[in-house]
Amino acid sequence: MRIGIVTSGLGIARQCLRKNTSVYRTCRRQVTGSGSPLDLNVDSKTGIAVLSMNKPPVNSLNLEFLTELNIALEKVENDKQCKGLIITSSIPKIFSAGLDITEMYQPDIDRLEEFWRTLQDMWIKLYGMNCVTIAAINGHSPAGGCLMSMSCDYRIMAPNYTIGLNETQLGIVAPFWFADVMLNTVGFRQTEMALQLGTLFKTEEALNIGLIDKVVPQEEVLSAAQQEMQRWFKIPGFARQLSKTELRRPTIEKLLKKKEEDIGYFRDYITKDAIQKSLGMYLESLKNRRK
Amino acid sequence: MRIGIVTSGLGIARQCLRKNTSVYRTCRRQVTGSGSPLDLNVDSKTGIAVLSMNKPPVNSLNLEFLTELNIALEKVENDKQCKGLIITSSIPKIFSAGLDITEMYQPDIDRLEEFWRTLQDMWIKLYGMNCVTIAAINGHSPAGGCLMSMSCDYRIMAPNYTIGLNETQLGIVAPFWFADVMLNTVGFRQTEMALQLGTLFKTEEALNIGLIDKVVPQEEVLSAAQQEMQRWFKIPGFARQLSKTELRRPTIEKLLKKKEEDIGYFRDYITKDAIQKSLGMYLESLKNRRK
Amino acid sequence: MRIGIVTSGLGIARQCLRKNTSVYRTCRRQVTGSGSPLDLNVDSKTGIAVLSMNKPPVNSLNLEFLTELNIALEKVENDKQCKGLIITSSIPKIFSAGLDITEMYQPDIDRLEEFWRTLQDMWIKLYGMNCVTIAAINGHSPAGGCLMSMSCDYRIMAPNYTIGLNETQLGIVAPFWFADVMLNTVGFRQTEMALQLGTLFKTEEALNIGLIDKVVPQEEVLSAAQQEMQRWFKIPGFARQLSKTELRRPTIEKLLKKKEEDIGYFRDYITKDAIQKSLGMYLESLKNRRK
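Chains H, G and Z are the protein sequences, given in the same order.
Sequence positions in the first sequence follow this note's numbering and run 2 to 292.
Sequence positions in the second sequence follow this note's numbering and run 2 to 292.
Sequence positions in the third sequence follow this note's numbering and run 2 to 292.
Chain H on its own, in the form it takes in the complex (with noise of 0.2 Å):
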């Protein structure tokens, strides 16, 4: 499995993030001046690490939180005492909203393809993490915010949210990689309904179909994953990884094969007149709603 080498096109991003060079003026945002928008603990007597995201107003993943999460995964992986990965996020009533909008209206090219770069290094990072990984659902997530509840071990969530690959409703389409973890989740025949209607379950509707694995109240989400990391922890660590690693590794496989096809298809795509107008009018709307 070359999971290792997917980390190279993290390059010029991380640059943005740590050196004031010619390639940091390139990007357009920079990471909160004051403090990380992800807080990472790692308690070494649990072996528990959990990470926090804290990035107002709804935790959208731009290129610079995707590359600090990216940072953070590989923290955590190579963490000999990080045993777990618990994700979940300080934002009331929001896990994460999923991909930035911004990061695909009228974009610059360069970055808009390490944009989808630092994504699909996210998931594969993810996805095939060699610890234990739980995403404690603490609120809504909807595209983004359900691959990575998707990509984790198990899902546990709280109440009267909603979570789901909602793409189709904003006129984009899920690329291959966020489908086939879904059908990986819940199977084809529900995924190729909720992908055409872009549907976002609620807490109870993702439980019946299996899209999470367990629903307890909003305070008690972060304890619960904590409990439950304990009935992994229990299995031998080496064992449980291999077989995990040969079920995914197909499914990381297929993108690693396709990576910079998708990131050309996906650039094709959002550049088109139609897809431009219509994310336009998206982020008009969201504006209006704001006032």
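Be aware that a few hints might be false.
[Said to hold, decoys possible] Subject to a maximum C-alpha distance of 27 Å in a straight line, what follows is the list of computed DSS-like cross-link-like pairs (lysine-lysine):
#: 1; chain 1: Z; residue 1: K278; chain 2: H; residue 2: K235
#: 2; chain 1: H; residue 1: K258; chain 2: G; residue 2: K258
#: 3; chain 1: H; residue 1: K273; chain 2: G; residue 2: K235
#: 4; chain 1: G; residue 1: K203; chain 2: G; residue 2: K94
#: 5; chain 1: G; residue 1: K258; chain 2: G; residue 2: K215
#: 6; chain 1: Z; residue 1: K84; chain 2: G; residue 2: K273
#: 7; chain 1: H; residue 1: K288; chain 2: G; residue 2: K273
#: 8; chain 1: H; residue 1: K81; chain 2: Z; residue 2: K258
#: 9; chain 1: G; residue 1: K81; chain 2: G; residue 2: K94
#: 10; chain 1: H; residue 1: K259; chain 2: G; residue 2: K255
#: 11; chain 1: Z; residue 1: K76; chain 2: Z; residue 2: K260
#: 12; chain 1: H; residue 1: K76; chain 2: H; residue 2: K260
#: 13; chain 1: Z; residue 1: K278; chain 2: Z; residue 2: K76
[Unchecked claim] A few chain G positions that, by computed beta-carbon distances, are all more than 10 Å from chain Z:
#: 14; residue: V43
#: 15; residue: P108
#: 16; residue: Q170
#: 17; residue: I173
#: 18; residue: T192
#: 19; residue: E193
#: 20; residue: M194
#: 21; residue: Q197
#: 22; residue: P218
#: 23; residue: F234
#: 24; residue: L256
#: 25; residue: E262
#: 26; residue: D269
Calculated from the structure, these hints are not laboratory results.
All residues carry an ideal CB built from backbone N, CA and C; glycine is no exception.
Put chains G and Z on the given structure of chain H with help from the hints.
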């Protein structure tokens, strides 16, 4: 996707239908003189086409009827006003009894091959339709009737009927692409068992395993389909179609690559002495049942 | 389908069983002197063969027992009177405990490879059986016992037992074809979770996820299997077999293509120091449990 080219196989059959030429005389059956066995009504206000099968006694699929179905499906797909298609039956208590067994018994080989090719084309077209397709299953739906239903985007069925791929009960075998559509609808385990046993599921059983999506009283099947259509029309059509194509394409391409092989396999299997004898006995039993 | 050729691998083991040659002496275990560990009864009236495993204490699958199983399966498949096979256990409370761990601990490499090849052959044969196969699971059925059960066409189980691929709990990994059969039985999500956690499902849980098909009281398991068989016998055998083959062939062919690779992988994994140490500790714990 090479769906566009698959209609070429319809050539001969269409000539049969349209011209009284020498080619025509090689066909043994003619479409009912007094009007078509298919009613196609397009409501330009709602954008919904209703295709109602009206070929007594049981909407069985012979070469001419399949050809008519193909022409109708193409008409709908090319009509820019059509955003959705509802397939239903005008025959009481029968959606479609499936393939016409008389096509397979003591067949003319050229016609037999043309029959199978036209069935392939019908499925490729229906499973890949860009517009939203809903099966309004207002009667029994065995074998080919089940295939047609499963190939739609959504299935609404009246109570007290049956649906399933029951081919083995007649001593024949559903081709691999019938099986593939069932795999996509209800998963491997249910498909494996249903295909081996030739199970005809009662309406409620079909709902339980996900073979259909909704049950409504007989008199409400069509209006429920009209209403369901509205849910699908809310989604931007272009994105919805791409999502559908992305998921269904591999299944369609599998047949496209093996069309001729599949025709040859069907021809060789169905013309075996043992199968012919078994079909003869079955047809005899049908005759006696009618007496 | 090249199933015919896969029996060649049994050569050496059969010589072990049949002749007291030099080859024999390389085998460390002998089949129980006083009669076979397998009871095979064919009822020529009903066409049903009952294969009952009777190898105390727990029907564990070692080289000799697997060889006997292969011979029995071949006998049934070649017996034209046999239309169905029921696999069950004569040992109270145990269907089969799965692979004999002593085959894997401090192994003779030749025998280890032969052991694995014979297991592969057993599965290829059982999963591809032309006749109807029903598992009458009248006791616990972990690991290899679960594989045998899943490879049948139908599973009837008594209450208060457990079934599952629990390999990871022992620090070993179910091979890809164990996983493939589970994927075909309960789908990706359940398989992924069950394999990572090494879940042993209680009878009712197994029914809920579709790992088994029916639950009946302990004393009715065998008669329920006999009765269920009648439902399958009603279907023309030739068509039923073809339907089964068409669906299961890709899974079988995947292993056929990778048999030697899979043997090498197993050999290299199991002979690792860490795995040997872990198996040693497990065997020690079993000994202590018996005291």
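Hints and how they fare:
1. Of the pairs offered as hints, the one joining K278(Z) and K235(H) holds, with about 18 Å between alpha carbons and a cut-off of 27 Å not exceeded.
2. Taken as a hint, the K258(H) and K258(G) pair is honoured in the structure, with Cα atoms around 23 Å apart against an allowance of 27 Å.
3. Only pairs whose Cα atoms come within 27 Å are accepted, and K273(H) paired with K235(G) is accepted, the gap being roughly 21 Å.
4. A threshold of 27 Å between alpha carbons decides the hint, and for K203(G) with K94(G) the separation of about 13 Å falls inside it, so the pair holds.
5. The hinted pair formed by K258(G) and K215(G) fails the criterion: a straight-line CA distance of about 34 Å is larger than 27 Å.
6. Of the pairs offered as hints, the one joining K84(Z) and K273(G) holds, with about 23 Å between alpha carbons and a cut-off of 27 Å not exceeded.
7. Note on K288(H) and K273(G): the hinted pairing is violated, with a Cα-Cα distance of about 70 Å set against a maximum of 27 Å.
8. Under the criterion of a C-alpha separation no larger than 27 Å, the hint pairing K81(H) with K258(Z) is inconsistent with the structure, at around 37 Å.
9. Taking the CA atoms of K81(G) and K94(G), the gap is near 33 Å; set against the 27 Å cutoff, the hint is violated.
10. A C-alpha spacing of about 20 Å is found between K259(H) and K255(G), which places the hinted pair at or below 27 Å, so the restraint holds.
11. Between K76(Z) and K260(Z) the CA atoms are separated by roughly 23 Å; this keeps the pair inside 27 Å, and the hint holds.
12. With a C-alpha separation of about 23 Å, the suggested pair K76(H) and K260(H) falls inside the 27 Å cut-off, and the hint holds.
13. Of the pairs offered as hints, the one joining K278(Z) and K76(Z) is violated, with about 39 Å between alpha carbons and a cut-off of 27 Å exceeded.
14. No Cβ of chain Z approaches the Cβ of V43(G) within 10 Å, the least distance being about 39 Å, so the stated non-interface status holds.
15. Look at P108(G): its CB is around 19 Å from the nearest CB on chain Z, clear of 10 Å, so calling it non-interface holds up.
16. At roughly 6 Å from the closest C-beta of chain Z, the C-beta of Q170(G) falls inside 10 Å, breaking its exclusion from the interface.
17. I173(G), annotated as away from the interface, has a beta carbon of chain Z within 10 Å; the closest lies near 6 Å.
18. Against the 10 Å criterion, T192(G) falls within the reach of chain Z, whose nearest CB is about 7 Å from its own CB.
19. Its closest Cβ contact with chain Z, about 5 Å, brings E193(G) to no more than 10 Å, contrary to its assignment away from the interface.
20. Its closest Cβ contact with chain Z, about 8 Å, brings M194(G) to no more than 10 Å, contrary to its assignment away from the interface.
21. For Q197(G), the shortest C-beta to C-beta distance to chain Z comes to about 5 Å, within the 10 Å cut-off, and the non-interface label is violated.
22. Look at P218(G): its CB is around 30 Å from the nearest CB on chain Z, clear of 10 Å, so calling it non-interface holds up.
23. Listed as outside the interface, F234(G) is consistent with that label: its C-beta sits roughly 31 Å from the nearest C-beta of chain Z, beyond the 10 Å cut-off.
24. Distance check on L256(G): its Cβ is at least 14 Å (rounded) from any Cβ of chain Z, clearing the 10 Å threshold; non-interface status holds.
25. Distance check for E262(G) against chain Z: the nearest CB is about 14 Å away, which clears 10 Å, and the non-interface claim stands.
26. For D269(G), the non-interface assignment is confirmed: its Cβ lies about 13 Å from the closest Cβ of chain Z, beyond the 10 Å cut-off.
Hint check: violations occur at hints 5, 7, 8, 9, 13, 16, 17, 18, 19, 20, 21; the rest are consistent with the structure.
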